[in-house]
Amino acid sequence: MATTPEDAKPLPPLHGTALVLLTIAVAFSTFMEVLDMTIVNVAVPHIAGSLGVSSSEGTWTISSYSLASAIMQPLTGWIARRFGEVKTFVVSVGLFVVFSMLCGLATSMPMLVFARLMQGAGSGPMVALSLTLLLASYPKTKQGIALALWAMTVVVAPIFGPILGGWLTDNFSWPWIFYINLPVGVLAGVITWSLLRKRETKTYQSPIDMVGLVLLVAGVGCLQFMLDNGNDHDWFSSPMITTLGLIALLCLTFLVVWELHAKHPVVDLGLFRKRNFTAGVTALSLGMFAFFGINVVFPLWLQTTLGYTATWAGLATAPVGILAFLLSPVIGRNMQRLELRAVVTFAFVMFAVTSYWFSTFDSSASFSSLVLPRFVMGIAIPCFFIPLNQIYLAGLPAEEIASASGLANFFRTLGSSVSTAVTVTLWQHRGILHHANLTENVTTANPAATQVLQGLTHGGMSQMQALGVTDMLVNREALTLAVNDIFLACAVLFVLLIPVIWLAKPPFGSAGGAVGH
Numbered sequence: 001m002a003t004t005p006e007d008a009k010p011l012p013p014l015h016g017t018a019l020v021l022l023t024i025a026v027a028f029s030t031f032m033e034v035l036d037m038t039i040v041n042v043a044v045p046h047i048a049g050s051l052g053v054s055s056s057e058g059t060w061t062i063s064s065y066s067l068a069s070a071i072m073q074p075l076t077g078w079i080a081r082r083f084g085e086v087k088t089f090v091v092s093v094g095l096f097v098v099f100s101m102l103c104g105l106a107t108s109m110p111m112l113v114f115a116r117l118m119q120g121a122g123s124g125p126m127v128a129l130s131l132t133l134l135l136a137s138y139p140k141t142k143q144g145i146a147l148a149l150w151a152m153t154v155v156v157a158p159i160f161g162p163i164l165g166g167w168l169t170d171n172f173s174w175p176w177i178f179y180i181n182l183p184v185g186v187l188a189g190v191i192t193w194s195l196l197r198k199r200e201t202k203t204y205q206s207p208i209d210m211v212g213l214v215l216l217v218a219g220v221g222c223l224q225f226m227l228d229n230g231n232d233h234d235w236f237s238s239p240m241i242t243t244l245g246l247i248a249l250l251c252l253t254f255l256v257v258w259e260l261h262a263k264h265p266v267v268d269l270g271l272f273r274k275r276n277f278t279a280g281v282t283a284l285s286l287g288m289f290a291f292f293g294i295n296v297v298f299p300l301w302l303q304t305t306l307g308y309t310a311t312w313a314g315l316a317t318a319p320v321g322i323l324a325f326l327l328s329p330v331i332g333r334n335m336q337r338l339e340l341r342a343v344v345t346f347a348f349v350m351f352a353v354t355s356y357w358f359s360t361f362d363s364s365a366s367f368s369s370l371v372l373p374r375f376v377m378g379i380a381i382p383c384f385f386i387p388l389n390q391i392y393l394a395g396l397p398a399e400e401i402a403s404a405s406g407l408a409n410f411f412r413t414l415g416s417s418v419s420t421a422v423t424v425t426l427w428q429h430r431g432i433l434h435h436a437n438l439t440e441n442v443t444t445a446n447p448a449a450t451q452v453l454q455g456l457t458h459g460g461m462s463q464m465q466a467l468g469v470t471d472m473l474v475n476r477e478a479l480t481l482a483v484n485d486i487f488l489a490c491a492v493l494f495v496l497l498i499p500v501i502w503l504a505k506p507p508f509g510s511a512g513g514a515v516g517h
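The numbering of the sequence shown is my numbering, which starts it at 1 and goes up by one.
Calculated from the structure, these hints are not laboratory results. Positions of the beta carbon are idealized from the N, C-alpha and C atoms, including for glycine. Certain hints may be false.
[As the list claims (entries may be wrong)] In silico SDA-like cross-links for lysine to any residue, where the CA-CA straight-line distance does not exceed 20 Å:
1) Lys-142 x Pro-397
2) Lys-505 x Thr-278
3) Lys-263 x Asn-276
4) Lys-140 x Leu-503
5) Lys-140 x Arg-337
6) Lys-505 x Asn-276
7) Lys-87 x Ser-194
8) Lys-140 x Val-20
[Unchecked claim] Have a look at the derived ranges for each label pair, beta carbon to beta carbon:
9) Thr-457 x Thr-242: 25 to 35 Å
10) Leu-326 x Ser-364: 26 to 36 Å
11) Gly-459 x Pro-183: 39 to 49 Å
12) Thr-443 x Gln-465: 39 to 49 Å
13) Pro-183 x Ala-449: 56 to 66 Å
14) Leu-433 x His-264: 19 to 29 Å
15) Ala-449 x Ser-50: 39 to 49 Å
Please build the complete structure, drawing on both the sequences and the hints.
Structure, rendered in structure tokens:
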């Protein structure tokens, strides 16, 4: 075991300008990493067009990044123990910047997919370690603020991603969505290294658990690939998706069994023996599933059904970040005084109420009426993320924070991926069902249908054209009813999650920080 002399005694926390600079550097690197998960979404058609591939091939730029990032997140704790948290974070930021540049310079689809894959692999440890480094540098009394600032960047970034991505793509060109990472990443890396290089954590030369590593890469890789591409291949009617599902199931089952008995596990599943960690991560992953489902289906519905442009869909989605941004520091500052389980319960109730509110809209809903529930939903975000991070880290020693944060982030990412796959598929299937039900009413026996058709034919349309327009109207209503179903299902899930958080047991004091080891 190698340790540096600085580790001989716990270092005092950072103060003043150094703490402000570190917070900005770490927050921006986190913001950049999470932003890159969604910034590409709106640019896919442009990327596909300029590289001469189809839009469905263009989505590989999203899949490859989330695939590599998902594999690296659970490995964060092991890598950080072996090489040191500060070194791992700075190298991670460096790799992210280098491969961001290569993404922008890509001249073919294989080159872009490879660069995105490596960018995701580099970025994997960044989010978990940013939280770990912040907690280790803040005094115990101010760790709530550290958590709030970190949660704020993780929550706001995916919301700004599509807006920023759309603006850069429309006004400049798609490579700029990658080039903007360069100045931010370089500054974050330089500031973090200059402030923290003397505060490196202990390193342990533990042997590599090759079996666990292979099972993790194969299991998570197949699962993520299956979730990203299942909808395009009609899920399990495709032999490829079925095979990927089986490989993922086998590898992940063996991984759990192996890691629980391994002497030097590559993923510390022993954390799930801790009640607060299990309750917190379960509530976080399933809450993320419902929250992300709404965030995916809502702009899709606006663009495909109501005819919104990418920029306007982004603007309709964005107000959720306003209250989240304003309330995060308030929640963080008062963490020690609050009953955290009650705060999370309030968040779930607000999420459920706003999700139900969304489920009542029809296709004639105005922009302002759609924006209001998005704005109100912002209240719930800091009440959900910040206390949950505190709950699952409660009582863990400093050396386990990186592993716990990495594992929690992996489940949060997985919740988002599963949510995207499930909600989009469900929306399409419910849309087909509602379309079939509504079509049954378009008959000569129905006065309303007859009136619409006659009105169109009197307007100068042929019978076929009139039926075509009627079909478009039916389709619009069917997809709107389908989106209402999704919102209602998410509202129910939020309510069902309330008892889960009450399985956690106080005290939820600070996790291992700079003082009080």
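Hints, one by one, checked against the model:
1. Taking the CA atoms of Lys-142 and Pro-397, the gap is near 17 Å; set against the 20 Å cutoff, the hint holds.
2. A C-alpha spacing of about 11 Å is found between Lys-505 and Thr-278, which places the hinted pair at or below 20 Å, so the restraint holds.
3. Between the alpha carbons of Lys-263 and Asn-276 the distance comes to roughly 24 Å, so the proposed pair goes past 20 Å and is violated.
4. Under the criterion of a C-alpha separation no larger than 20 Å, the hint pairing Lys-140 with Leu-503 is inconsistent with the structure, at around 25 Å.
5. Distance hint between Lys-140 and Arg-337 is fulfilled; the C-alpha atoms sit about 14 Å from each other, no more than 20 Å.
6. With a C-alpha separation of about 6 Å, the suggested pair Lys-505 and Asn-276 falls inside the 20 Å cut-off, and the hint holds.
7. A hinted pair counts as satisfied when its Cα atoms are at most 20 Å apart, and Lys-87 with Ser-194 qualifies at roughly 11 Å.
8. Simply put, Lys-140 and Val-20 have alpha-carbon atoms about 16 Å apart, close enough for the 20 Å limit, and the pair holds.
9. For the hinted restraint 25 to 35 Å between Thr-457 and Thr-242, the CB-CB distance of approximately 48 Å leaves it violated.
10. For Leu-326 and Ser-364, the hinted distance range of 26 to 36 Å is satisfied, since their beta carbons lie about 32 Å from each other.
11. For Gly-459 and Pro-183, the Cβ-Cβ distance of about 56 Å falls outside the hinted range of 39 to 49 Å, so the restraint is violated.
12. With their beta carbons about 19 Å apart, Thr-443 and Gln-465 fall outside the hinted range of 39 to 49 Å.
13. For the pair Pro-183 and Ala-449, the supplied restraint of 56 to 66 Å holds, since their beta-carbon distance comes to about 59 Å.
14. With their beta carbons about 51 Å apart, Leu-433 and His-264 fall outside the hinted range of 19 to 29 Å.
15. The given range of 39 to 49 Å is respected by Ala-449 and Ser-50, whose C-beta atoms sit roughly 45 Å from each other.
Comparing the model with each earlier hint shows violations of hints 3, 4, 9, 11, 12 and 14; every other hint is respected.
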